[in-house]
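K.L.:
Sequence:
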Amino acid sequence: MTKDILVEFKSVSKHFDNRTLLDNINFTLTKGEITTLIGQNGVGKTTIARIILGLEEVAKGQVILRDNLKIGYVPQKLDFFFNMPLTCEGLMDMLAVNKLSNEVLSLTKFINYEKIRKTDIAKISSGQLQRLLLSGVIMDKPDLLILDEPTQFLDVNSQQEFYSILNELKKKLGMTIFMISHDLFTVMKNTDHVICLNGHVCCSGRPTELNKNVDFKNALSEIGVYIHNHDHRHE
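Start counting the sequence shown at 1; every next residue gets the next number (the working numbering).
The set of hints was computed from the structure by calculation and includes no laboratory data. Note that this is a predicted model, so its numbers are computed, not measured. Yeah, the Cβ is synthetic: ideal placement off N, Cα and C, and Gly gets one too. Take these hints with a grain of salt, some might be off.
Beta-carbon label-pair distances, calculated as ranges [claimed, not checked]:
#  : residue 1 : residue 2 : range
1  : Val214    : Asn83     : 40 to 50 Å
2  : Gly205    : Leu53     : 45 to 55 Å
3  : Gln76     : Glu168    : 20 to 30 Å
4  : Leu69     : Val214    : 29 to 39 Å
5  : His200    : Leu69     : 19 to 29 Å
6  : Lys212    : Gly90     : 26 to 36 Å
7  : Glu168    : Val214    : 30 to 40 Å
8  : Asn68     : Ser164    : 41 to 51 Å
9  : Thr20     : Ala122    : 34 to 44 Å
10 : Glu89     : Asn68     : 40 to 50 Å
11 : Asn211    : Asp120    : 27 to 37 Å
12 : Lys123    : Asn213    : 45 to 55 Å
Here are the simulated lysine-lysine pairs, DSBU-like style, with alpha carbons at most 35 Å apart [said to hold, decoys possible]:
#  : residue 1 : residue 2
13 : Lys189    : Lys217
14 : Lys212    : Lys3
15 : Lys141    : Lys123
16 : Lys60     : Lys123
17 : Lys31     : Lys60
18 : Lys31     : Lys10
19 : Lys170    : Lys10
20 : Lys172    : Lys212
21 : Lys10     : Lys123
22 : Lys115    : Lys10
23 : Lys70     : Lys172
24 : Lys60     : Lys115
25 : Lys118    : Lys60
26 : Lys118    : Lys10
27 : Lys172    : Lys31
Could you put together the complete structure from these sequences and hints?
P.N.:
See below:
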């Protein structure tokens with residue numbers, strides 16, 4: 001594995017309840033790139049993230065991580081955090097070990113931090129909590145940032161600001177970002193590489209390449225990925 005490759009999946013398979021969830025998965029995550037994994041609910045997108053995090057084992061194949069890889073993760077489901085007896089400031093202190101830096105100082109505006117810092121987590125909205133978690137994890141400057149449906153609670157303006165921040169992190173810090181999504185409307189404009197999943201890798205490549213790829217369009221129709229739909233359903 002070269003120094004620019006942070007994660008490599010080699011012929012990975014995973015089974016659940018006597019059925020094959022992931023079959024012969026092969027892909028790499030490259031330093032300084034935004035990669036988006038797309039697919040309908042239940043095809044194993046979150047499972048792939050959990051495998052990278054070491055929370056799931058594979059049945060076959062090999063997952064190789066670069067030595068001393070620092071990973072940041074924001075899950076799709078936020079219920080656990082709402083039950084924590086913390087203020088927003090307390091949660092940020094837990095997440096942002098390296099505190100504020102010039103590169104990510106703008107994130108405090110993204111989450112309107114000064115307004116909510118003394119507020120109990122249980123009293124903020126899902127969108128505010130998601131912004132808080134995103135910002136806290138990003139401030140710790142991971143090598144690899146894994147985001148599971150990161151814009152599900154964000155309005156259109158916040159989504160645009162969020163993607164702008166991700167691109168700045170990629171350019172200034174060389175951060176590698178792995179996103180899970182099923183809404184391609186903004187994703188295709190803000191990613192370097194797309195992996196289309198339906199139990200196996202249907203196709204993958206640069207957005208400009210895939211937009212012209214008949215197999216990719218057929219795969220989208222087959223797996224039911226939303227081109228543009230804000231009435232989301234989630235895993």
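K.L.:
Now tell me, hint by hint, if it's right for this structure.
P.N.:
Each hint tested on the structure:
Checked against the given bound of 40 to 50 Å, the beta carbons of Val214 and Asn83, roughly 47 Å apart, stay inside it. A hinted range of 45 to 55 Å is violated for the C-beta pair Gly205 and Leu53, which are about 25 Å apart. Between Gln76 and Glu168 the C-beta distance comes to about 24 Å, which sits within the given range of 20 to 30 Å. Leu69 and Val214 have their C-beta atoms about 36 Å apart, which keeps the hinted 29 to 39 Å range intact.
His200 and Leu69 have their C-beta atoms about 25 Å apart, which keeps the hinted 19 to 29 Å range intact. For the pair Lys212 and Gly90, the beta carbons lie near 49 Å from each other, so the given range of 26 to 36 Å is not met. Taken as a hint, the range 30 to 40 Å holds for the pair Glu168 and Val214, whose Cβ atoms sit roughly 35 Å apart. Judged by the Cβ atoms, the range 41 to 51 Å given for Asn68 and Ser164 is violated: they are separated by roughly 29 Å.
Thr20 and Ala122 have their C-beta atoms about 40 Å apart, which keeps the hinted 34 to 44 Å range intact. Distance hint check for Glu89 and Asn68: the Cβ-Cβ separation is about 30 Å, which falls outside the suggested range of 40 to 50 Å. The hinted range of 27 to 37 Å is not satisfied by Asn211 and Asp120, whose Cβ atoms lie roughly 45 Å apart. Range check, Lys123 to Asn213: about 47 Å between beta-carbon atoms, so the 45 to 55 Å window is met.
Proximity of Lys189 to Lys217 is assessed by CA-CA distance (about 16 Å); at most 35 Å being required, the pair is judged to hold. About 31 Å separates the Cα atoms of Lys212 and Lys3, which keeps this hinted pair within 35 Å; it holds. Simply put, Lys141 and Lys123 have alpha-carbon atoms about 28 Å apart, close enough for the 35 Å limit, and the pair holds. For the hint pairing Lys60 with Lys123, the CA-to-CA distance comes to about 44 Å; that exceeds 35 Å, so the pair is violated.
Distance hint between Lys31 and Lys60 is fulfilled; the C-alpha atoms sit about 25 Å from each other, no more than 35 Å. Straight-line distance between C-alpha atoms of Lys31 and Lys10 comes to about 18 Å, which keeps the hinted pair within the 35 Å bound. Between Lys170 and Lys10 the alpha-carbon distance is near 25 Å, which keeps this suggested pair within the 35 Å criterion. Between Lys172 and Lys212, the direct Cα distance comes to roughly 31 Å. Compliance with the 35 Å bound is thereby established for this hinted pair.
Note on Lys10 and Lys123: the hinted pairing is violated, with a Cα-Cα distance of about 44 Å set against a maximum of 35 Å. Of the pairs offered as hints, the one joining Lys115 and Lys10 is violated, with about 46 Å between alpha carbons and a cut-off of 35 Å exceeded. Under the criterion of a C-alpha separation no larger than 35 Å, the hint pairing Lys70 with Lys172 is consistent with the structure, at around 17 Å. Taking the CA atoms of Lys60 and Lys115, the gap is near 49 Å; set against the 35 Å cutoff, the hint is violated.
With a CA separation close to 48 Å, the supplied pair Lys118 and Lys60 exceeds the 35 Å bound. A distance of roughly 46 Å separates the Cα atoms of Lys118 and Lys10; the hinted pair therefore is violated under the 35 Å criterion. Restraint check: the Cα-Cα separation between Lys172 and Lys31 comes to about 13 Å, which is no more than 35 Å; the hinted pair holds.
The structure fails to meet hints 2, 6, 8, 10, 11, 16, 21, 22, 24, 25 and 26 from the earlier list, while all remaining hints are met.
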